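Q: Heads up, the sequence shown is in the numbering used here, so the first residue is 89 and it goes up one at a time.
Bear in mind the hints are in silico, worked out from the structure with no lab data behind them.
Some hints here could point you the wrong way.
List of simulated lysine to aspartate or glutamate pairs, DMTMM-like, C-alpha gap at most 20 angstroms [said to hold, decoys possible]:
#1 Lys306 <-> Glu288
#2 Lys408 <-> Glu472
#3 Lys306 <-> Glu236
#4 Lys293 <-> Glu239
#5 Lys704 <-> Glu719
#6 Lys285 <-> Glu188
#7 Lys380 <-> Glu279
#8 Lys136 <-> Glu171
#9 Lys306 <-> Asp271
#10 Lys488 <-> Asp506
#11 Lys380 <-> Glu288
#12 Lys176 <-> Asp150
#13 Lys276 <-> Glu253
#14 Lys409 <-> Glu348
#15 Lys285 <-> Glu427
#16 Lys352 <-> Asp385
#17 Lys406 <-> Asp385
#18 Lys628 <-> Glu605
#19 Lys406 <-> Asp434
#20 Lys381 <-> Glu427
#21 Lys621 <-> Glu558
#22 Lys293 <-> Asp271
#23 Lys135 <-> Glu188
#24 Lys152 <-> Glu206
#25 Lys380 <-> Asp390
#26 Lys380 <-> Glu431
#27 Lys408 <-> Glu439
#28 Lys408 <-> Asp437
#29 Lys701 <-> Glu712
#30 Lys684 <-> Glu719
#31 Lys381 <-> Glu411
#32 Lys285 <-> Glu411
#33 Lys406 <-> Glu472
All values derive from a computational prediction rather than experimental measurement.
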Amino acid sequence: MASEGFLQPICVRWRLCGLRWQVFLFLLSFCHIVSGQIRYSIPEEMKKGSLIGNVAQDLGLDLKRLRAGRARIVSGESIQYTELQTDKGILVVSQRIDREQLCGDITPCSFSFEIILEHPLELHRVTVEIIDVNDHAPAFSKRDIQFEISESATLGSRFTLATAEDPDVGLNALQNYFLTTNDNYVLKQHEKPDGSKYAEMVLQKPLDREEHPRLSLKLIAVDGGNPQRSGTVNIEISVLDVNDNAPVFNQSVYRATVMENAQKGTYITTVNASDADSGSNGVVAYCFSNLKKHLADIFNIDETTGTISVAGEIDYEKDKKFEMRVEVKDQGGLTDSSEVVIEVVDVNDNEPVINVMSFSSPVSENATPGTTIAIINVKDADSERNGQITCSINTNLPFKIQSSLSSYYNLISDGALDRETTPEYNITITTTDSGSPPLSSTRTLHLRISDVNDNAPLFRQSSYSAYVTENNSPGMSIFTVSARDSDWNQNAIVSYLLEDTQISGTPVSTYISINSETGVLHAVRSFDYEQIKQLTLVVKAQDGGSPPLSSNVTVTIFIQDQNDNAPQVLYPVQTSSSLVAEIVPRSADVGYLVTKVVAVDVDSGQNAWLSYKLQKATDRALFEVGLQNGEIRTIR
89 MASEGFLQPI CVRWRLCGLR WQVFLFLLSF CHIVSGQIRY SIPEEMKKGS
139 LIGNVAQDLG LDLKRLRAGR ARIVSGESIQ YTELQTDKGI LVVSQRIDRE
189 QLCGDITPCS FSFEIILEHP LELHRVTVEI IDVNDHAPAF SKRDIQFEIS
239 ESATLGSRFT LATAEDPDVG LNALQNYFLT TNDNYVLKQH EKPDGSKYAE
289 MVLQKPLDRE EHPRLSLKLI AVDGGNPQRS GTVNIEISVL DVNDNAPVFN
339 QSVYRATVME NAQKGTYITT VNASDADSGS NGVVAYCFSN LKKHLADIFN
389 IDETTGTISV AGEIDYEKDK KFEMRVEVKD QGGLTDSSEV VIEVVDVNDN
439 EPVINVMSFS SPVSENATPG TTIAIINVKD ADSERNGQIT CSINTNLPFK
489 IQSSLSSYYN LISDGALDRE TTPEYNITIT TTDSGSPPLS STRTLHLRIS
539 DVNDNAPLFR QSSYSAYVTE NNSPGMSIFT VSARDSDWNQ NAIVSYLLED
589 TQISGTPVST YISINSETGV LHAVRSFDYE QIKQLTLVVK AQDGGSPPLS
639 SNVTVTIFIQ DQNDNAPQVL YPVQTSSSLV AEIVPRSADV GYLVTKVVAV
689 DVDSGQNAWL SYKLQKATDR ALFEVGLQNG EIRTIR
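Please model the complete structure; the sequences and the hints are all you need to start from.
A: The structure is reproduced here in structure tokens:
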């Protein structure tokens, strides 16, 4: 939202080389971007390193802010002339500035650029006005001006004189013409609409060829500088025999239009003059009068017909209007002059130009909507509708583009960003003018999204089961757990550790260890199934973010039995020094139960399944033992 007017106007004045420098500053706040404008005025031809202004002071910024914000000059006009010294907060001249070369006769002469700071974004426009120094004298393009004038020329006849050129402006430019004292002519000065001046000689006393066949005069051009500078040209007049009438244009001003980029030879207009004399004295010729060199390359006039046509390139962006004088001369040397004004019609021949003033990439995935991603400057050298621009970006992206200051746009986030879903974007900016047909240009920004540690490591399963056979070797690998973190770089590095739990009152770390990098579980000791049949432990996966995020998983390790225990006979109880005796009656029938051997095996499963058989008997035909139950019975 634009602020209302100026927040705090500041005006600073000081003197240098007799000239007053002025600084004007205003600050605006728009779309979370601080904006300001400063204007400096300095004389041309200052030495390299000369001070232009204290930017830090005039913008109210300290030197730390300039350095931290990476203050710099970005694209603008003629930025090669200035340098920003962030260590001192000043703007200095970086190379010689010649006002005449920079601006020609355009006043005021200035160039502008932007200073940008980041984190947060600030955009400040700086305009430097170049004050003219009187370093040029008026100068004529020729040393002599030749006239052939009939002695019958009527009083009041006018003769346009060559103009002097002075590249300076204002008071330092050409101000007056003076003609050396003579009896026949007086000088009359004229000022064109653009402020330039030209002079005419006006005949005030009849010429007499017999008395003065030739006249020599001097035309002096002076500027208004201090000290004053001047230039001169000689005027040589040859007096001819009688020529009664001077030619006369039928219009004092001719107006015409021409399309820019018109091809060579394109007709513009025709000037016309008539001469009441007959014969050769009534024949006239047309020419441009005191035409500047660059105009002589653009226009052509037919000396016989007075037709003006295109001879060179016409560019509306360089010249929107041309003003020139045409002269007609008869064979007797009499002349007349008129003005020609040619308006250039703009053609939509310039595509909009996109300049990226600032671009923040990467941008954090947790950036809030409305975060400024880039500042865009768009220019179109055409005028009116041809220079009216719209700016847009490709759709279906969490970004939008907003107009801010004149010709500036802000690219801002318009939704949530998630690096894990979309780690980068190609944002195409399209600018289109309102010409017919419209012209457009594009610029693609490659935006990377930086990671925020917003995802905890995730195990592939909710729980794990592992198996290890007892009597294992200490240090052996039992199982591997694995977790994945969808963040990036340091935030995605996963390390593993065991939560501090107890197994039968003993820390889990005395049973199991884990490789923090690979997640491999190792046995710390040899397990005995008969003592512990399973271990339940909690593994924690933790990422490398700050602060770190983690998740847990339960791992159950089952100890598998090994047949490492012999059966133990519980009954009959036997000692090493005696035998067990059982008495069997003689009348015992077949199948009589003599006794039962009871044995156990502390192993489990098949390892604990027992079978019985007679190992040794004096008469195997008398007794048998039950294979499964250990019962000893008679068999006869």
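Q: Between Lys380 and Glu279, is the straight-line Cα distance small enough, at 20 angstroms or below?
A: Holds. Lys380 to Glu279 sits at ~16 angstroms (cutoff 20 angstroms).
Q: With the threshold set at 20 angstroms, check whether the alpha-carbon distance from Lys488 to Asp506 stays at or below it.
A: holds (17 angstroms)
Q: Below or equal to 20 angstroms on CA atoms is what counts here, so check Lys380 against Glu431.
A: At roughly 17 angstroms apart (the allowed maximum being 20 angstroms), Glu431 and Lys380 satisfy the hint.
Q: Going straight from one Cα to the other, do Lys352 and Asp385 come out at no more than 20 angstroms?
A: The given pair, whose Cα atoms are some 11 angstroms apart, holds under the 20 angstroms limit.
Q: Just to be careful, I want the Cα atoms of Lys306 and Asp271 compared with a cutoff of 20 angstroms; is the pair within it?
A: holds (14 angstroms)
Q: Does the alpha-carbon distance linking Lys381 and Glu411 stay inside the 20 angstroms limit?
A: This hinted pair holds, its Cα atoms lying about 13 angstroms apart.
Q: Hinted pair, alpha-carbon criterion (20 angstroms max): Lys306, Glu236. Please report holds or violated.
A: holds (16 angstroms)
Q: Next pair to validate is Lys176 with Asp150; report whether the Cα-Cα distance is within 20 angstroms.
A: At roughly 10 angstroms apart (the allowed maximum being 20 angstroms), Asp150 and Lys176 satisfy the hint.
Q: With a cut-off of 20 angstroms on the C-alpha distance, tell me whether Lys621 and Glu558 pass.
A: The given pair, whose Cα atoms are some 9 angstroms apart, holds under the 20 angstroms limit.
Q: So if I understand the rule, the pair passes when the alpha-carbon distance is 20 angstroms or less; does Lys408 with Glu472 pass?
A: Cα-Cα ~13 angstroms, so holds.
Q: Between Lys135 and Glu188, does the CA-CA distance stay at or below 20 angstroms?
A: Within the cut-off at roughly 16 angstroms; holds.
Q: Compare the distance between the alpha carbons of Lys293 and Asp271 with 20 angstroms, and conclude whether the hinted pair is satisfied.
A: holds (7 angstroms)
The structure is consistent with each of the numbered hints, conforming to all of them.
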